[in-house]
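**Q** Sequence:
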Amino acid sequence: MNYVREWLLGAKGKGEPITGVKPSVDEPDMYPVHPVDHIKDCQTFVAMVMVFNDALDADMLSDSLSKLLEIGDWRKLGGRLKRDADGRLQIQVPPEFTAEQPAITYTHICLTEMKISDHPIAKQLPTRTGDPSMQTLPDSAEFRTLQVRNDFPTSLDALIAADLPQISLHIHSFHDATVVGFAWSHTLMDGIGWAALLRNWSLVMAGQVEKVPPVAGARHDILSYLPPSDSDQEKLFPSHLRNLRLAKFICRLGWEKLTGPTKVFRAMYMPKVKYDLLVNRAKDQVSRIATDVNKKLYISEVDALIAWVTQQVALSQPTPRPVTIMSIINYRYRLKELLRLDDVYMQNMLMLSYTLLSAQEARGAVAPLALSHRAQVMEQTTEPRVASFVQWLGKQIDTGKSVVRFCGEPDSTMIWLNSFTKSEIIKVTDFAPAVVRVGEDGETRRNPRGTMVNFFFKDPNEPVPSLDALYILAKDHSGGTWLQGNFSVQVWDALEQQMKLLVQEG
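Numbering-wise (the working numbering), the sequence shown opens with residue 37 and increments by one.
None of these hints come from the bench; they were simulated from the model. It is possible that some hints are incorrect.
The list that follows gives simulated cross-link-like pairs (lysine to aspartate or glutamate, DMTMM-like), each with its CA atoms no further than 25 Å apart [stated by the list, open to error]:
hint, residue 1, residue 2
1, K458, E373
2, K76, D199
3, K308, E541
4, K271, D447
5, K76, D257
6, K511, D212
7, K118, D257
8, K431, D120
9, K437, D257
10, K308, D477
11, K293, D77
12, K308, E479
13, K118, E136
14, K284, D77
15, K458, D257
16, K331, E397
17, K151, D93
18, K247, D378
19, K159, D529
20, K308, E476
21, K310, D529
22, K310, E479
23, K431, D122
24, K293, E498
25, K458, D495
26, K372, D266
27, K118, E132
28, K458, D77
29, K118, D77
30, K118, E63
31, K159, D175
32, K308, E460
33, K284, D268
34, K293, D529
35, K76, D120
Construct the complete structure from the given sequences, taking the supplied hints into account.
**A** Shown next as structure tokens:
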């Protein structure tokens with residue numbers, strides 16, 4: 037596949053395609069929105085809230101991000117979304133970014149006379165704790181004020197109509213901290229792409245522009261080079277709910293949304309010692325099972341965490357029910373023949389895998405649950421299976437419908453799983469050059485200056501979703517793990533009780 041990479045990056049790796057006509061100096065540059073980025077489920081916004089325990093120079097953050105988006109095909113991220121005559125999305129980049137046509141939308145709220153602990157909303161953001169903890173987050177309306185400005189578009193079409201940049205930077209500066217709201221159109225990139233942006237934003241801020249790599253596939257979608265595969269929907273989605281079974285599922289979900297317990301948006305923090313205890317306990321159980329069956333078995337930390345949470349969700353149900361875990365998979369890590377992990381692809385490469393569990397399995401021990409999740413995910417994410425999914429996805433674009441499929445039984449509890457752990461969001465972000473005043477200092481501090489302490493996210497225009505959801509965010513600089521989720525109070529209470537038991541174990 038080397039010839040593909042050379043074509044995507046240019047013969048000398050300078051980020052320009054070998055073929056194609058460049059626009060004249062005074063004309064806007066047009067970039068495609070790739071097929072996977074074009075699906076309805078990506079035509080929304082992602083908005084992160086990043087917390088720094090130092091006072092940062094907000095203008096330096098804005099200027100360095102804008103400078104990154106002036107480099108080669110990084111310019112694609114600074115363009116405006118447009119629709120062509122057929123309604124298809126494309127990205128228009130001005131000949132140069134100016135005050136009238138900036139690469140980003142930047143807003144800054146300067147509260148440097150105030151500590152973050154005195155702000156009515158920012159003080160509610162979770163903080164690192166010595167023991168495992170469950171912490172509330174600001175409600176959706178309050179949280180939105182930290183994510184984006186007041187007049188942030190409520191839809192992708194509103195963004196297009198206003199001719200606004202795809203990226204929004206919304207910063208609150210406090211005397212001892214900085215809260216950075218970073219929002220983007222999901223058509224632009226996924227979480228791995230965002231991590232690459234943060235890493236290279238940090239390089240530009242540090243004056244190391246020469247280390248910024250070119251963007252691969254900005255003009256030509258590398259996924260189009262996947263070999264032809266069987267894209268039969270029935271083979272891609274195990275126990276796919278459709279027709280009457282789907283109708284029963286939707287009716288039940290709607291009824292539960294009206295009459296059942298409300299989902300609550302919360303964060304969890306697991307210090308390293310207790311996190312390791314939880315994960316290693318599951319891995320030890322797997323080792324014992326492997327010995328009994330005389331077979332090599334493996335689970336990841338993500339398998340252990342989702343199994344632990346799934347068990348508590350299942351046990352919190354009034355009556356036993358089957359469970360389906362819907363895991364978001366970034367298939368950058370699966371297409372090893374086509375993609376190189378050190379290349380930067382600013383696009384979406386996401387799919388769902390489905391772990392189907394009987395009511396008995398879901399309420400059973402954590403180790404078998406984790407093994408089942410591992411086995412089903414691996415079976416559904418082989419390279420041929422991913423190729424089949426991508427080609428099936430390409431056929432769904434013009435339908436204008438969601439590509440999310442529900443699998444399992446009509447009475448299944450659905451649990452959404454999204455892990456950002458491979459992105460290492462906290463550790464790749466280094467804004468040290470922008471520090472104007474150290475915030476937290478002394479023995480309580482665990483992170484290098486200018487680095488992030490945590491982050492949280494949600495769609496800024498949507499309430500808490502009705503499905504149970506676990507988001508494994510990142511490990512911080514002390515080795516602790518941040519998570520967030522949407523669950524009923526009963527599930528949160530059960531998880532909190534489990535965390536107390538971890539503390540009691542010493």
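**Q** Against this structure, judge whether each hint is valid.
**A** Hint check:
The straight-line distance between the Cα atoms of K458 and E373 is roughly 20 Å, inside the 25 Å bound, and the hint therefore holds. At most 25 Å may separate the alpha-carbon atoms for a hinted pair to count; K76 and D199 meet this at roughly 20 Å. With a C-alpha separation of about 14 Å, the suggested pairing of K308 with E541 holds against the 25 Å cut-off. Distance check on the hinted pair: K271 and D447 sit about 22 Å apart at the alpha-carbon level, within 25 Å; holds.
Only pairs whose Cα atoms come within 25 Å are accepted, and K76 paired with D257 is accepted, the gap being roughly 18 Å. Among the hinted pairs, K511 with D212 is consistent with the structure: their alpha-carbon atoms are about 23 Å apart, no more than 25 Å. For the suggested pair K118 and D257, the alpha carbons sit about 18 Å apart, so the restraint of at most 25 Å is met. The hinted pair formed by K431 and D120 meets the criterion: a straight-line CA distance of about 19 Å does not exceed 25 Å.
Distance restraint check for K437 and D257: the Cα-Cα separation of roughly 22 Å lies within the 25 Å cut-off, and the hinted pair is therefore satisfied. Using a Cα cut-off of 25 Å, the hinted pair K308 and D477 holds, with the two alpha carbons roughly 21 Å apart. For the proposed pair K293 and D77, the alpha carbon gap of about 21 Å is at most 25 Å, so the pair holds. Distance hint between K308 and E479 is fulfilled; the C-alpha atoms sit about 17 Å from each other, no more than 25 Å.
A threshold of 25 Å between alpha carbons decides the hint, and for K118 with E136 the separation of about 18 Å falls inside it, so the pair holds. At most 25 Å may separate the alpha-carbon atoms for a hinted pair to count; K284 and D77 meet this at roughly 23 Å. Restraint check for K458 and D257: satisfied, since their Cα atoms lie roughly 23 Å apart, inside the 25 Å limit. Between the alpha carbons of K331 and E397 the distance comes to roughly 21 Å, so the proposed pair stays at or under 25 Å and holds.
The hinted pair formed by K151 and D93 meets the criterion: a straight-line CA distance of about 16 Å does not exceed 25 Å. For the proposed pair K247 and D378, the alpha carbon gap of about 13 Å is at most 25 Å, so the pair holds. Only pairs whose Cα atoms come within 25 Å are accepted, and K159 paired with D529 is accepted, the gap being roughly 23 Å. At roughly 21 Å between alpha-carbon atoms, K308 and E476 fall within 25 Å of each other, so this suggested pair holds.
At roughly 18 Å between alpha-carbon atoms, K310 and D529 fall within 25 Å of each other, so this suggested pair holds. Proposed proximity of K310 and E479 is supported: the alpha carbons are some 21 Å apart, at most 25 Å. Annotation: proposed proximity of K431 to D122 holds, straight-line Cα distance about 16 Å (limit 25 Å). For a cut-off of 25 Å, the pair hint linking K293 to E498 stands: about 15 Å separates their Cα positions.
Of the supplied pair hints, the one linking K458 and D495 holds, its CA atoms being roughly 21 Å apart against a limit of 25 Å. Restraint check: the Cα-Cα separation between K372 and D266 comes to about 19 Å, which is no more than 25 Å; the hinted pair holds. Among the hinted pairs, K118 with E132 is consistent with the structure: their alpha-carbon atoms are about 18 Å apart, no more than 25 Å. Between K458 and D77 the CA atoms are separated by roughly 22 Å; this keeps the pair inside 25 Å, and the hint holds.
With a CA separation close to 18 Å, the supplied pair K118 and D77 stays within the 25 Å bound. Proposed proximity of K118 and E63 is supported: the alpha carbons are some 15 Å apart, at most 25 Å. About 13 Å separates the Cα atoms of K159 and D175, which keeps this hinted pair within 25 Å; it holds. At roughly 15 Å between alpha-carbon atoms, K308 and E460 fall within 25 Å of each other, so this suggested pair holds.
With a CA separation close to 24 Å, the supplied pair K284 and D268 stays within the 25 Å bound. A distance of roughly 20 Å separates the Cα atoms of K293 and D529; the hinted pair therefore holds under the 25 Å criterion. Proximity of K76 to D120 is assessed by CA-CA distance (about 16 Å); at most 25 Å being required, the pair is judged to hold.
The earlier numbered hints are all upheld by this structure, with none contradicted.
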